[in-house]
Amino acid sequence: MKKRTLQRGLSTFWWVTIVFLYLPLLVVMLFSFNASNSAANFTGFSLRWYERLLGNEQIISAFWNSLVLAIVSSVMALVIGCLIGYGMYRHRHRKLGWLIVLIYLPIVLPDIVFGISEMAFFVSIHRHTGLLQPGLGTMIIAHVTFQIPFVALIVYSRLVGLDATLFEAAKDLYATPFKRAVHFLMPTLKPALISAFFLSFTLSIDDFVISFFTAGPESATLPIYIWGAIKKGVSPEINAIATLMIGAVAIAAVLSLMFNRKGRY
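1 is the number of the first residue of the sequence shown in UniProt numbering; add one for each residue after it.
Just so you know, these hints were derived from the structure itself, not from any lab.
Just so you know, even glycine gets a beta-carbon here, dropped at the ideal spot from N, CA and C.
Some hints could be false.
[What the hints assert, rightly or not] Across the chosen pairs, the derived CB separations fall in these ranges:
{"hint": "1", "residue 1": "Trp-98", "residue 2": "Trp-64", "range": "13 to 23 Å"}
{"hint": "2", "residue 1": "Trp-64", "residue 2": "Gly-9", "range": "24 to 34 Å"}
{"hint": "3", "residue 1": "Met-258", "residue 2": "Val-101", "range": "40 to 50 Å"}
{"hint": "4", "residue 1": "Lys-95", "residue 2": "Gly-55", "range": "52 to 62 Å"}
{"hint": "5", "residue 1": "Ile-60", "residue 2": "Thr-12", "range": "39 to 49 Å"}
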(Lines of atoms letter the chains of each structure in order from A; the text may use other names.)
(Lines give C-alpha, C1' and ligand atoms only; values in the text may rest on other atoms or scores of the structure.)
Protein backbone atom coordinates (compact mmCIF):
# COMPACT_ATOMS: atom_id res chain seq x y z
CA MET A 1 0.00 0.00 0.00
CA LYS A 2 2.76 2.42 0.97
CA LYS A 3 4.71 1.45 -2.15
CA ARG A 4 1.75 2.25 -4.40
CA THR A 5 1.16 5.55 -2.65
CA LEU A 6 4.81 6.46 -3.11
CA GLN A 7 4.69 5.53 -6.79
CA ARG A 8 1.56 7.62 -7.33
CA GLY A 9 3.16 10.54 -5.53
CA LEU A 10 6.29 10.32 -7.65
CA SER A 11 4.19 9.99 -10.80
CA THR A 12 2.16 13.07 -9.86
CA PHE A 13 5.31 15.02 -9.07
CA TRP A 14 6.78 13.99 -12.43
CA TRP A 15 3.73 15.18 -14.37
CA VAL A 16 3.58 18.46 -12.44
CA THR A 17 7.25 19.07 -13.23
CA ILE A 18 6.70 18.35 -16.92
CA VAL A 19 3.74 20.72 -17.06
CA PHE A 20 5.69 23.43 -15.21
CA LEU A 21 8.60 23.10 -17.65
CA TYR A 22 6.75 22.87 -20.95
CA LEU A 23 3.49 24.77 -20.43
CA PRO A 24 5.19 28.19 -20.96
CA LEU A 25 6.65 26.90 -24.24
CA LEU A 26 3.23 25.72 -25.37
CA VAL A 27 1.76 29.13 -24.53
CA VAL A 28 4.41 30.83 -26.66
CA MET A 29 3.69 28.45 -29.53
CA LEU A 30 -0.07 29.00 -29.20
CA PHE A 31 0.14 32.80 -29.30
CA SER A 32 2.44 32.66 -32.34
CA PHE A 33 -0.72 31.71 -34.24
CA ASN A 34 -2.80 34.50 -32.71
CA ALA A 35 -4.83 36.48 -35.24
CA SER A 36 -4.48 39.72 -33.26
CA ASN A 37 -1.46 41.62 -32.03
CA SER A 38 -1.96 40.58 -28.43
CA ALA A 39 0.18 38.64 -26.00
CA ALA A 40 -2.70 38.04 -23.57
CA ASN A 41 -5.88 37.30 -25.54
CA PHE A 42 -6.10 34.61 -28.20
CA THR A 43 -8.66 35.81 -30.74
CA GLY A 44 -8.26 33.24 -33.49
CA PHE A 45 -5.91 31.11 -35.55
CA SER A 46 -3.74 32.81 -38.15
CA LEU A 47 -0.40 32.38 -39.96
CA ARG A 48 0.07 36.12 -40.55
CA TRP A 49 3.04 36.39 -38.18
CA TYR A 50 4.91 33.60 -39.93
CA GLU A 51 4.25 35.33 -43.26
CA ARG A 52 5.68 38.55 -41.85
CA LEU A 53 8.83 36.71 -40.87
CA LEU A 54 9.52 35.84 -44.50
CA GLY A 55 9.38 39.50 -45.47
CA ASN A 56 11.58 40.81 -42.64
CA GLU A 57 15.14 41.19 -43.93
CA GLN A 58 16.59 41.61 -40.44
CA ILE A 59 15.07 38.34 -39.26
CA ILE A 60 16.23 36.49 -42.40
CA SER A 61 19.75 37.86 -41.93
CA ALA A 62 19.74 36.87 -38.25
CA PHE A 63 18.46 33.41 -39.21
CA TRP A 64 21.28 32.84 -41.70
CA ASN A 65 23.85 34.12 -39.21
CA SER A 66 22.52 31.67 -36.61
CA LEU A 67 22.53 28.80 -39.10
CA VAL A 68 26.06 29.48 -40.39
CA LEU A 69 27.35 29.99 -36.86
CA ALA A 70 25.79 26.74 -35.60
CA ILE A 71 26.89 24.56 -38.53
CA VAL A 72 30.45 25.87 -38.90
CA SER A 73 31.20 25.93 -35.17
CA SER A 74 29.69 22.46 -34.70
CA VAL A 75 31.80 20.95 -37.49
CA MET A 76 34.99 22.55 -36.16
CA ALA A 77 34.19 21.51 -32.59
CA LEU A 78 33.44 17.99 -33.81
CA VAL A 79 36.87 17.60 -35.41
CA ILE A 80 38.86 19.12 -32.56
CA GLY A 81 36.76 17.52 -29.81
CA CYS A 82 37.03 14.10 -31.45
CA LEU A 83 40.83 14.33 -31.48
CA ILE A 84 40.90 15.45 -27.85
CA GLY A 85 38.51 12.68 -26.78
CA TYR A 86 40.59 10.06 -28.57
CA GLY A 87 43.77 11.44 -27.03
CA MET A 88 42.19 11.30 -23.57
CA TYR A 89 41.31 7.65 -24.18
CA ARG A 90 44.75 6.68 -25.49
CA HIS A 91 46.48 8.28 -22.50
CA ARG A 92 43.80 7.50 -19.90
CA HIS A 93 46.28 5.58 -17.73
CA ARG A 94 48.36 8.70 -17.17
CA LYS A 95 47.64 11.34 -14.57
CA LEU A 96 45.52 13.77 -16.57
CA GLY A 97 43.71 15.52 -13.74
CA TRP A 98 44.77 18.95 -14.99
CA LEU A 99 43.45 18.15 -18.47
CA ILE A 100 40.10 17.02 -17.07
CA VAL A 101 39.84 20.32 -15.19
CA LEU A 102 40.53 22.26 -18.39
CA ILE A 103 37.92 20.22 -20.26
CA TYR A 104 35.22 20.79 -17.63
CA LEU A 105 36.03 24.48 -17.03
CA PRO A 106 34.12 25.89 -20.05
CA ILE A 107 31.13 23.73 -19.07
CA VAL A 108 30.83 24.90 -15.46
CA LEU A 109 31.98 28.48 -16.06
CA PRO A 110 29.08 30.98 -16.12
CA ASP A 111 28.27 32.11 -19.65
CA ILE A 112 28.58 35.79 -18.80
CA VAL A 113 32.10 35.30 -17.43
CA PHE A 114 33.07 33.24 -20.45
CA GLY A 115 31.56 35.79 -22.84
CA ILE A 116 33.27 38.77 -21.21
CA SER A 117 36.64 36.99 -21.22
CA GLU A 118 36.23 36.13 -24.91
CA MET A 119 35.29 39.71 -25.73
CA ALA A 120 38.30 41.11 -23.83
CA PHE A 121 40.61 38.67 -25.61
CA PHE A 122 39.31 39.50 -29.09
CA VAL A 123 39.40 43.26 -28.43
CA SER A 124 42.98 43.01 -27.18
CA ILE A 125 44.12 40.98 -30.19
CA HIS A 126 42.36 43.35 -32.60
CA ARG A 127 43.88 46.40 -30.94
CA HIS A 128 47.45 45.10 -31.29
CA THR A 129 47.27 43.21 -34.60
CA GLY A 130 44.14 44.39 -36.42
CA LEU A 131 42.89 40.79 -36.51
CA LEU A 132 39.76 39.21 -35.00
CA GLN A 133 37.43 42.16 -35.44
CA PRO A 134 34.14 41.41 -33.66
CA GLY A 135 31.81 39.64 -36.05
CA LEU A 136 30.76 36.22 -37.23
CA GLY A 137 34.37 34.97 -37.17
CA THR A 138 34.89 35.77 -33.50
CA MET A 139 31.49 34.28 -32.68
CA ILE A 140 32.47 31.02 -34.39
CA ILE A 141 35.72 30.85 -32.41
CA ALA A 142 33.90 31.56 -29.15
CA HIS A 143 31.26 28.91 -29.84
CA VAL A 144 33.86 26.32 -30.77
CA THR A 145 35.65 26.85 -27.46
CA PHE A 146 32.60 25.99 -25.36
CA GLN A 147 31.40 23.19 -27.69
CA ILE A 148 34.69 21.25 -27.70
CA PRO A 149 34.37 19.90 -24.11
CA PHE A 150 30.95 18.38 -24.83
CA VAL A 151 32.24 16.65 -27.97
CA ALA A 152 35.40 15.42 -26.26
CA LEU A 153 33.49 13.93 -23.33
CA ILE A 154 30.94 12.20 -25.60
CA VAL A 155 33.70 10.65 -27.73
CA TYR A 156 35.71 9.67 -24.66
CA SER A 157 32.71 8.02 -22.98
CA ARG A 158 32.01 6.06 -26.18
CA LEU A 159 35.59 4.82 -26.41
CA VAL A 160 35.74 3.88 -22.72
CA GLY A 161 32.68 1.70 -23.21
CA LEU A 162 34.43 -0.38 -25.87
CA ASP A 163 36.35 -3.57 -25.21
CA ALA A 164 40.04 -2.61 -25.28
CA THR A 165 40.91 -5.91 -26.96
CA LEU A 166 39.13 -4.74 -30.13
CA PHE A 167 42.00 -2.37 -30.84
CA GLU A 168 44.50 -5.17 -30.35
CA ALA A 169 42.44 -7.46 -32.58
CA ALA A 170 42.55 -4.89 -35.38
CA LYS A 171 46.34 -4.78 -35.08
CA ASP A 172 46.56 -8.59 -35.12
CA LEU A 173 44.67 -8.58 -38.41
CA TYR A 174 47.49 -6.42 -39.86
CA ALA A 175 45.29 -3.36 -40.28
CA THR A 176 47.29 -0.19 -40.82
CA PRO A 177 46.52 2.85 -38.63
CA PHE A 178 44.62 4.38 -41.55
CA LYS A 179 42.53 1.24 -42.08
CA ARG A 180 41.85 0.95 -38.36
CA ALA A 181 40.60 4.53 -38.34
CA VAL A 182 38.43 4.14 -41.46
CA HIS A 183 37.03 0.63 -41.02
CA PHE A 184 36.89 0.30 -37.24
CA LEU A 185 37.19 3.55 -35.33
CA MET A 186 34.97 5.81 -37.45
CA PRO A 187 32.06 3.34 -37.81
CA THR A 188 32.23 2.67 -34.07
CA LEU A 189 32.22 6.37 -33.22
CA LYS A 190 29.62 7.34 -35.85
CA PRO A 191 26.60 7.43 -33.49
CA ALA A 192 28.59 9.36 -30.87
CA LEU A 193 29.89 11.84 -33.48
CA ILE A 194 26.40 12.48 -34.88
CA SER A 195 25.05 12.88 -31.36
CA ALA A 196 27.89 15.29 -30.49
CA PHE A 197 27.25 17.33 -33.63
CA PHE A 198 23.55 17.79 -32.90
CA LEU A 199 24.31 18.65 -29.27
CA SER A 200 26.82 21.28 -30.39
CA PHE A 201 24.30 22.59 -32.93
CA THR A 202 21.67 22.88 -30.20
CA LEU A 203 24.02 24.69 -27.84
CA SER A 204 25.01 27.14 -30.56
CA ILE A 205 21.61 27.90 -32.05
CA ASP A 206 20.08 29.05 -28.75
CA ASP A 207 23.14 30.73 -27.21
CA PHE A 208 22.70 34.40 -26.39
CA VAL A 209 25.21 35.54 -23.77
CA ILE A 210 28.44 34.47 -25.47
CA SER A 211 27.12 35.53 -28.88
CA PHE A 212 26.12 38.93 -27.52
CA PHE A 213 29.60 39.71 -26.19
CA THR A 214 31.47 38.50 -29.29
CA ALA A 215 29.12 39.70 -32.07
CA GLY A 216 29.69 42.57 -34.45
CA PRO A 217 27.18 45.10 -35.81
CA GLU A 218 26.37 42.94 -38.85
CA SER A 219 26.39 39.51 -37.18
CA ALA A 220 23.28 39.50 -35.02
CA THR A 221 21.76 36.05 -34.48
CA LEU A 222 18.14 35.20 -33.75
CA PRO A 223 18.57 35.23 -29.94
CA ILE A 224 20.24 38.65 -30.18
CA TYR A 225 17.48 39.93 -32.46
CA ILE A 226 14.81 38.66 -30.07
CA TRP A 227 16.53 40.35 -27.12
CA GLY A 228 16.50 43.67 -28.97
CA ALA A 229 12.92 43.25 -30.18
CA ILE A 230 11.35 42.44 -26.79
CA LYS A 231 12.38 45.87 -25.51
CA LYS A 232 9.35 47.10 -27.45
CA GLY A 233 7.16 44.36 -26.00
CA VAL A 234 6.50 40.72 -26.80
CA SER A 235 4.55 40.45 -30.06
CA PRO A 236 3.18 37.37 -31.86
CA GLU A 237 6.02 37.86 -34.35
CA ILE A 238 8.54 37.23 -31.56
CA ASN A 239 6.49 34.24 -30.48
CA ALA A 240 6.68 32.91 -34.04
CA ILE A 241 10.48 33.21 -34.03
CA ALA A 242 10.64 31.52 -30.65
CA THR A 243 8.39 28.72 -31.90
CA LEU A 244 10.67 28.04 -34.87
CA MET A 245 13.71 28.00 -32.58
CA ILE A 246 11.95 25.63 -30.16
CA GLY A 247 11.18 23.33 -33.06
CA ALA A 248 14.75 23.41 -34.39
CA VAL A 249 16.28 22.76 -30.96
CA ALA A 250 13.75 20.00 -30.20
CA ILE A 251 14.51 18.21 -33.48
CA ALA A 252 18.27 18.46 -32.89
CA ALA A 253 17.88 17.21 -29.31
CA VAL A 254 15.72 14.25 -30.36
CA LEU A 255 18.15 13.27 -33.13
CA SER A 256 21.06 13.55 -30.70
CA LEU A 257 19.26 11.32 -28.19
CA MET A 258 18.37 8.76 -30.87
CA PHE A 259 21.93 8.44 -32.15
CA ASN A 260 23.30 8.39 -28.62
CA ARG A 261 21.02 5.48 -27.69
CA LYS A 262 21.84 3.72 -30.94
CA GLY A 263 25.51 3.91 -30.09
CA ARG A 264 24.97 2.19 -26.75
CA TYR A 265 23.37 -0.93 -28.17
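Results of checking the hints against the structure:
Checked against the given bound of 13 to 23 Å, the beta carbons of Trp-98 and Trp-64, roughly 40 Å apart, lie outside it. Take Trp-64 and Gly-9: their Cβ atoms lie about 49 Å apart, and the range 24 to 34 Å is violated. For Met-258 and Val-101, the Cβ-Cβ distance of about 32 Å falls outside the hinted range of 40 to 50 Å, so the restraint is violated. In this structure, Lys-95 and Gly-55 meet the distance hint of 52 to 62 Å, their C-beta atoms being roughly 59 Å apart.
A hinted range of 39 to 49 Å holds for the C-beta pair Ile-60 and Thr-12, which are about 45 Å apart.
Checked against the numbered hints above, the structure violates hints 1, 2 and 3; every other hint is satisfied.
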